[in-house]
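Protein chains: 2
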Amino acid sequence: MGLADEVLVGNRLSLARLLTQIENETPVGRQAISELYRFTGRAHIIGVTGAPGTGKSSLVNCLALAFRQPEGGIPQAKVGILAVDPSSPFSGGAILGDRVRMKDLAGDSGIFIRSMATRGSLGGLAVTTAGMVQALDAAGFEIILVETVGAGQSEIDIARLAHTTLVVEAPGLGDDIQAIKAGILEIADILVINKADQPGVDVTERALKANLDLAHPSPHTFRTGKTSAAFLLAGMPVETPAPAELWIPPIVKTTATEKKGVGELIQAILQHRGYIEGNGMKRSHEIFRTAYEMGVLLEEALLQDWRQGISDVELEALLEQVYTRQISPWEAVQKLV
Amino acid sequence: MGLADEVLVGNRLSLARLLTQIENETPVGRQAISELYRFTGRAHIIGVTGAPGTGKSSLVNCLALAFRQPEGGIPQAKVGILAVDPSSPFSGGAILGDRVRMKDLAGDSGIFIRSMATRGSLGGLAVTTAGMVQALDAAGFEIILVETVGAGQSEIDIARLAHTTLVVEAPGLGDDIQAIKAGILEIADILVINKADQPGVDVTERALKANLDLAHPSPHTFRTGKTSAAFLLAGMPVETPAPAELWIPPIVKTTATEKKGVGELIQAILQHRGYIEGNGMKRSHEIFRTAYEMGVLLEEALLQDWRQGISDVELEALLEQVYTRQISPWEAVQKLV
Numbered sequence: 105m106g107l108a109d110e111v112l113v114g115n116r117l118s119l120a121r122l123l124t125q126i127e128n129e130t131p132v133g134r135q136a137i138s139e140l141y142r143f144t145g146r147a148h149i150i151g152v153t154g155a156p157g158t159g160k161s162s163l164v165n166c167l168a169l170a171f172r173q174p175e176g177g178i179p180q181a182k183v184g185i186l187a188v189d190p191s192s193p194f195s196g197g198a199i200l201g202d203r204v205r206m207k208d209l210a211g212d213s214g215i216f217i218r219s220m221a222t223r224g225s226l227g228g229l230a231v232t233t234a235g236m237v238q239a240l241d242a243a244g245f246e247i248i249l250v251e252t253v254g255a256g257q258s259e260i261d262i263a264r265l266a267h268t269t270l271v272v273e274a275p276g277l278g279d280d281i282q283a284i285k286a287g288i289l290e291i292a293d294i295l296v297i298n299k300a301d302q303p304g305v306d307v308t309e310r311a312l313k314a315n316l317d318l319a320h321p322s323p324h325t326f327r328t329g330k331t332s333a334a335f336l337l338a339g340m341p342v343e344t345p346a347p348a349e350l351w352i353p354p355i356v357k358t359t360a361t362e363k364k365g366v367g368e369l370i371q372a373i374l375q376h377r378g379y380i381e382g383n384g385m386k387r388s389h390e391i392f393r394t395a396y397e398m399g400v401l402l403e404e405a406l407l408q409d410w411r412q413g414i415s416d417v418e419l420e421a422l423l424e425q426v427y428t429r430q431i432s433p434w435e436a437v438q439k440l441v
Numbered sequence: 105m106g107l108a109d110e111v112l113v114g115n116r117l118s119l120a121r122l123l124t125q126i127e128n129e130t131p132v133g134r135q136a137i138s139e140l141y142r143f144t145g146r147a148h149i150i151g152v153t154g155a156p157g158t159g160k161s162s163l164v165n166c167l168a169l170a171f172r173q174p175e176g177g178i179p180q181a182k183v184g185i186l187a188v189d190p191s192s193p194f195s196g197g198a199i200l201g202d203r204v205r206m207k208d209l210a211g212d213s214g215i216f217i218r219s220m221a222t223r224g225s226l227g228g229l230a231v232t233t234a235g236m237v238q239a240l241d242a243a244g245f246e247i248i249l250v251e252t253v254g255a256g257q258s259e260i261d262i263a264r265l266a267h268t269t270l271v272v273e274a275p276g277l278g279d280d281i282q283a284i285k286a287g288i289l290e291i292a293d294i295l296v297i298n299k300a301d302q303p304g305v306d307v308t309e310r311a312l313k314a315n316l317d318l319a320h321p322s323p324h325t326f327r328t329g330k331t332s333a334a335f336l337l338a339g340m341p342v343e344t345p346a347p348a349e350l351w352i353p354p355i356v357k358t359t360a361t362e363k364k365g366v367g368e369l370i371q372a373i374l375q376h377r378g379y380i381e382g383n384g385m386k387r388s389h390e391i392f393r394t395a396y397e398m399g400v401l402l403e404e405a406l407l408q409d410w411r412q413g414i415s416d417v418e419l420e421a422l423l424e425q426v427y428t429r430q431i432s433p434w435e436a437v438q439k440l441v
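Here the protein sequences come in this chain order: A and B.
Going by our numbering, the residue at position 20 of the first sequence is 124; the numbering climbs one at a time, nothing skipped.
Going by our numbering, the residue at position 109 of the second sequence is 213; the numbering climbs one at a time, nothing skipped.
If we strip away everything but chain A, and leave its shape as in the complex, we get (with noise of 0.2 Å):
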């Protein structure tokens, strides 16, 4: 039996041996993500980001086990925890803590965890988490929580992969709300505000509620014109239809560790679910995906291929001639393709 389809009768050994292959991003991990695909689709992928110091292990945690221990008419559903870092491009980034968030979700195999550091392109990372969200998809979890660190442009390439996109703030973490705004408010389709047993939530909510009023177009529509998918800068069409009705981002207050407020965001979960499935919105959101997935998987082939076609005596010789800029590196480019 293959390791695809080892996965697919449900082998945990297995799949946590497809996750590394694809996160290595090996030609086995490839073919067996290609087998899987048609498997895939059944997952809702909830992304959780914020930064550092609001508390996102801890509300993933709590998350996963109100999904397995369900309460109040939220249905039991398989979860698979996938925890990406990109903080550090430079050393590989720091291995999260997969032991400590075991201690209340060990042993349960409807449950499955997984860190990853951070390595390789920005876009080269969103299509190895979409390689193991797909992978978790098929072997049949059916809630898919990514979790990544911060407010950059690699985890709005994330979230982007994710259905529904939470971003977790807390109480006086001082400039933070004025480096979140700008970019990382667009992409909430739910604000959480965790540690709400802490002074300042008042004060962070109206702050929330402020940025949101000023910064939120409508949630969704992705905008594509000259971002980082490959595919739409070579002038793909993509489908990306208004929605009839605007989602407008709820505000949460958690606190994880006590388990408080988290059945209440489950369930602003399930009706963002909902609404994105009613009005097609979750079709052209996986058409985006797939697109930029293709996208940088494409990036890729082409310059394998024109690799190929050229020696490394012609190659250097230009590029000596562009150190010593007796040409410019778009004119080398011109000579090359």
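Simulated from the structure, these hints should not be mistaken for laboratory data.
Take every hint as true, because none was put in to throw you off.
Computed cross-link-like contacts, DMTMM-like style, restricted to lysine to aspartate or glutamate with a CA-CA straight-line distance of at most 20 Å: (1) Lys386(A) - Glu246(A); (2) Lys364(B) - Asp301(B); (3) Lys439(A) - Asp409(B); (4) Lys357(B) - Glu309(B); (5) Lys182(A) - Glu246(A); (6) Lys386(B) - Glu420(A); (7) Lys439(A) - Asp409(A); (8) Lys439(A) - Glu424(A); (9) Lys439(B) - Asp409(A); (10) Lys439(A) - Glu139(B); (11) Lys364(A) - Glu309(A); (12) Lys386(B) - Glu424(A); (13) Lys313(A) - Glu368(A); (14) Lys357(B) - Glu175(B); (15) Lys313(A) - Asp301(A); (16) Lys439(B) - Glu139(A); (17) Lys313(B) - Glu368(B); (18) Lys439(A) - Glu418(A); (19) Lys363(B) - Glu175(B); (20) Lys386(A) - Glu420(B); (21) Lys182(A) - Asp212(A); (22) Lys364(A) - Asp301(A); (23) Lys386(A) - Glu349(A); (24) Lys386(A) - Glu424(B).
It should be emphasised that the depicted structure is a prediction, and the values quoted were computed from it without experimental measurement.
Starting from the known structure of chain A, fit chain B onto it as the hints suggest.
Here is chain B on its own, set in the frame of chain A:
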């Protein structure tokens, strides 16, 4: 006289126009910057980055003033300032306060200030910034200050343009040091604690020193691994000799609003310039930067080329197969190339 020639003879209006053309990625801009390329390579490029609220803009103003009205053996230099705000990939970002900056520096033809809202892909942003730096360089600006906000991948990519990178901190920013330590300290050639008149300077300095001891690898050793520079992905040869003598980033305390510590900071910058010019690192830096820039331009050119060879109908048919999960994105790309 063409735009490039106008810029070479010091026409400020033409320079401003050229920068707009480069920012908008027009063919006119690319042509002109290509013509100007052989006049570049004279400027010392200083990157200034750090979290919001650290007073980077004031510091950049001070540095510019100190190079224009030098004291204590600092050489006078023409100064170009490029302020990049990549905080909002969605809305195009806020225009920085040119007018505020101009107050101290107005009427001096030895200074040129330009703000640039972010747009486009990250690779694209780095290339656009590189082009604008080249224009200022060719126009005779000897010191070019490139200011970026934040600590994400885009800042790191832009910092790679700079010969000397300043990472700016301020006391009392709470979680910021934690947030900043992972990636950004590794790109610092000089650490600046600005707002050094405020309480908590010692705490910040100790935290920076501790992080520096933990995190700092040999500076300017460009990691080629799987970084975003497409050229490196394509297996391009890039020369990166290890420096004979390690540069330990000094920590300099400044109070930009009172113009304190700026002389010391400039001495540190000049020392770093001497260091990279003396040991061949300036050349390997140049090679890395060029390879990066060519990589981004090459990706663009390859994509455009490919797109011209395939019809909309073919492409849409294949995409439909992916959306309906008949084939995987990876299989589709194999068919497309």
